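S.K.: Spelled out from the first residue to the last, the chains are:
There are 2 protein chains.
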Amino acid sequence: MLQSTLFKKIELCELKKIVIFGVGLIGGSVALALKKADASVQIVGMGRSQQSLQTALDLGVIDVASLDIATALKDADIVLISAPVAQTTSILSAIKPHLNSNTVVTDAGSTKGDVLVCAKQILGNQFSQFVGGHPIAGAEKSGVTAAMADLFVGKNVVLTPSPETSAQALACVNSLWKTCGAKVSQMSAETHDGIFASVSHLPHLLAFALVEDIASRPNASELFSFAASGFRDFTRIAGSHPEMWRDISLANKNALLNELTAYQAELSILKKLIENEDSHGLEALFERASVARNAWAKSKS
Amino acid sequence: MLQSTLFKKIELCELKKIVIFGVGLIGGSVALALKKADASVQIVGMGRSQQSLQTALDLGVIDVASLDIATALKDADIVLISAPVAQTTSILSAIKPHLNSNTVVTDAGSTKGDVLVCAKQILGNQFSQFVGGHPIAGAEKSGVTAAMADLFVGKNVVLTPSPETSAQALACVNSLWKTCGAKVSQMSAETHDGIFASVSHLPHLLAFALVEDIASRPNASELFSFAASGFRDFTRIAGSHPEMWRDISLANKNALLNELTAYQAELSILKKLIENEDSHGLEALFERASVARNAWAKSKS
Chain A
331 MLQSTLFKKI ELCELKKIVI FGVGLIGGSV ALALKKADAS VQIVGMGRSQ QSLQTALDLG
391 VIDVASLDIA TALKDADIVL ISAPVAQTTS ILSAIKPHLN SNTVVTDAGS TKGDVLVCAK
451 QILGNQFSQF VGGHPIAGAE KSGVTAAMAD LFVGKNVVLT PSPETSAQAL ACVNSLWKTC
511 GAKVSQMSAE THDGIFASVS HLPHLLAFAL VEDIASRPNA SELFSFAASG FRDFTRIAGS
571 HPEMWRDISL ANKNALLNEL TAYQAELSIL KKLIENEDSH GLEALFERAS VARNAWAKSK
631 S
Chain B
331 MLQSTLFKKI ELCELKKIVI FGVGLIGGSV ALALKKADAS VQIVGMGRSQ QSLQTALDLG
391 VIDVASLDIA TALKDADIVL ISAPVAQTTS ILSAIKPHLN SNTVVTDAGS TKGDVLVCAK
451 QILGNQFSQF VGGHPIAGAE KSGVTAAMAD LFVGKNVVLT PSPETSAQAL ACVNSLWKTC
511 GAKVSQMSAE THDGIFASVS HLPHLLAFAL VEDIASRPNA SELFSFAASG FRDFTRIAGS
571 HPEMWRDISL ANKNALLNEL TAYQAELSIL KKLIENEDSH GLEALFERAS VARNAWAKSK
631 S
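Respectively, the protein sequence lines represent chains A and B.
Under the working numbering, think of the first position of the first sequence as 331, with each following residue one higher.
Under the working numbering, think of the first position of the second sequence as 331, with each following residue one higher.
Looking at chain A on its own, in the form it has when it is part of the complex (with noise of 0.2 Å):
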């Protein structure tokens, strides 16, 4: 494997200072699991909110709010941007007049190949600096008060470097995601956001859509009072903060039209077999379905 490979070649990095853009959930529980590992390692945050700067700073989750970065990145090891990922391109416009060669940058978007074209068109001659990465965690609470040091134990998270990503900076980022003990793979960022688009862009899609479709009917009141725990559960995703998934509906564009044009052909199978009311294959539709899933619930259990 890639990674095995590269830590045979190359120490593990040693990480004495992190600077946080957005100390939310993500970014607080980064600091929290690298405090709980290394008391010495020194943690800036930077974030828009000054309020939450400071809850951060109060509750230890950070060393230090930063307000100015020069002084942030001086000595920096790694820049984790860990803000609501409309925010990226600034940041990284922000960064680049201060970003040592030496001083790795990150980020925690769930869409990858946008955020990768911009990079490359920002830090340009630095881009080989850069590792897109994708924390597969969450929570139902947000904010900093929700972070927590164990938030990454034993999930997924996906780096996705690109040819020029520097084989340091690299190692560097999966170092400090098995440091928050999570399980680290690398695809291209193509292959990950196709895998994504699958397995919950596009599932969130579906949901918004039809509490859309039927919030928007002349009877919803009365729809709504007959819903119950199926219901509930199918549309726990569609309570989702919307602007958030307006930026990744609009960032993965491409593999969600796919997602979507594939969705409706599934959807377009379904109806054939009802209209046919072909009861043989509606079953084995739903048999390999309910095995799939029970199966995939079984093994993440």
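Source of the hints: derived by calculation from the structure; they are not laboratory data.
Chain copies aren't distinguished; within one or between two, either way the pair holds.
Simulated crosslink set (DMTMM-like; lysine to aspartate or glutamate; CA at most 20 Å straight-line):
| no. | residue 1 | residue 2 |
| --- | --- | --- |
| 1 | LYS583 | ASP608 |
| 2 | LYS583 | GLU617 |
| 3 | LYS583 | GLU607 |
| 4 | LYS583 | GLU605 |
| 5 | LYS471 | ASP563 |
| 6 | LYS485 | GLU552 |
| 7 | LYS628 | ASP563 |
| 8 | LYS426 | GLU494 |
| 9 | LYS365 | ASP480 |
| 10 | LYS630 | ASP480 |
| 11 | LYS508 | ASP407 |
| 12 | LYS630 | GLU552 |
| 13 | LYS471 | GLU617 |
| 14 | LYS602 | GLU573 |
| 15 | LYS630 | ASP563 |
| 16 | LYS601 | GLU613 |
| 17 | LYS513 | GLU552 |
| 18 | LYS347 | ASP398 |
| 19 | LYS583 | GLU613 |
| 20 | LYS628 | GLU552 |
| 21 | LYS601 | GLU617 |
| 22 | LYS471 | GLU573 |
| 23 | LYS366 | ASP480 |
| 24 | LYS601 | GLU573 |
| 25 | LYS366 | ASP407 |
Only a predicted model underlies this, so the values are computations on that prediction, with no experimental measurement involved.
Fit chain B to the given chain A structure using the hints.
M.R.: For chain B alone, kept in the frame of chain A given last:
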């Protein structure tokens, strides 16, 4: 409201003997709720499986496990059909020759239009004694061992009387479910089937379709390995019983085809918004859906 008027006209049915066809989660829970309310009610269990009837007897859920329909139906106040819906026709046919004029028959199936057609055809001039019913309650587990006296407390039960249904029969079934602690409402079978097509049957089909879509791809195992908690909740109902959902899909064919068509139109709107990179339109749709979903969840909690 119809039901309170009825209760003024007709004395609450005195329930001395009930015959339950299919003593599983639903039938067993009705039995336990009735016993809790009045220990003197005689509960007769009927079913295909000798073993599950013996379990029901051993657990004290039923008083008698009957093999003879004529004996079971003698002096019965109510017959509750809570067996898998595919058995409804044969159960009604078996009951008919032994059905007294003062015995009420009801069911617990998820679709009502088909059951009413079938009951009218089989019961003929005794169709007025039949009341279609649908308790909106379930649990992760099925079978009599999962039955509990409070399964229906605070849950919706929908009754679907037809113009031919006798007021006495309707009042009896109303009383049965009120005794179980349920909130009883009434509507036409057509209205019922339309409502449940949208808030229950459609989401089930969408979840089955997503899992089938993913499971049938060459890289299914890779895709499943990155599926996380959002996928878990969204697809929980895709783990449901294939035979049951085959029957529901066919029984509620027309309403379900309408729902699938409306949903495909909703997906086409969403695709168009993404294709056009309509940032405002996307966020507005996600915002409406997330507000509606979270308001609904709050109202149910």
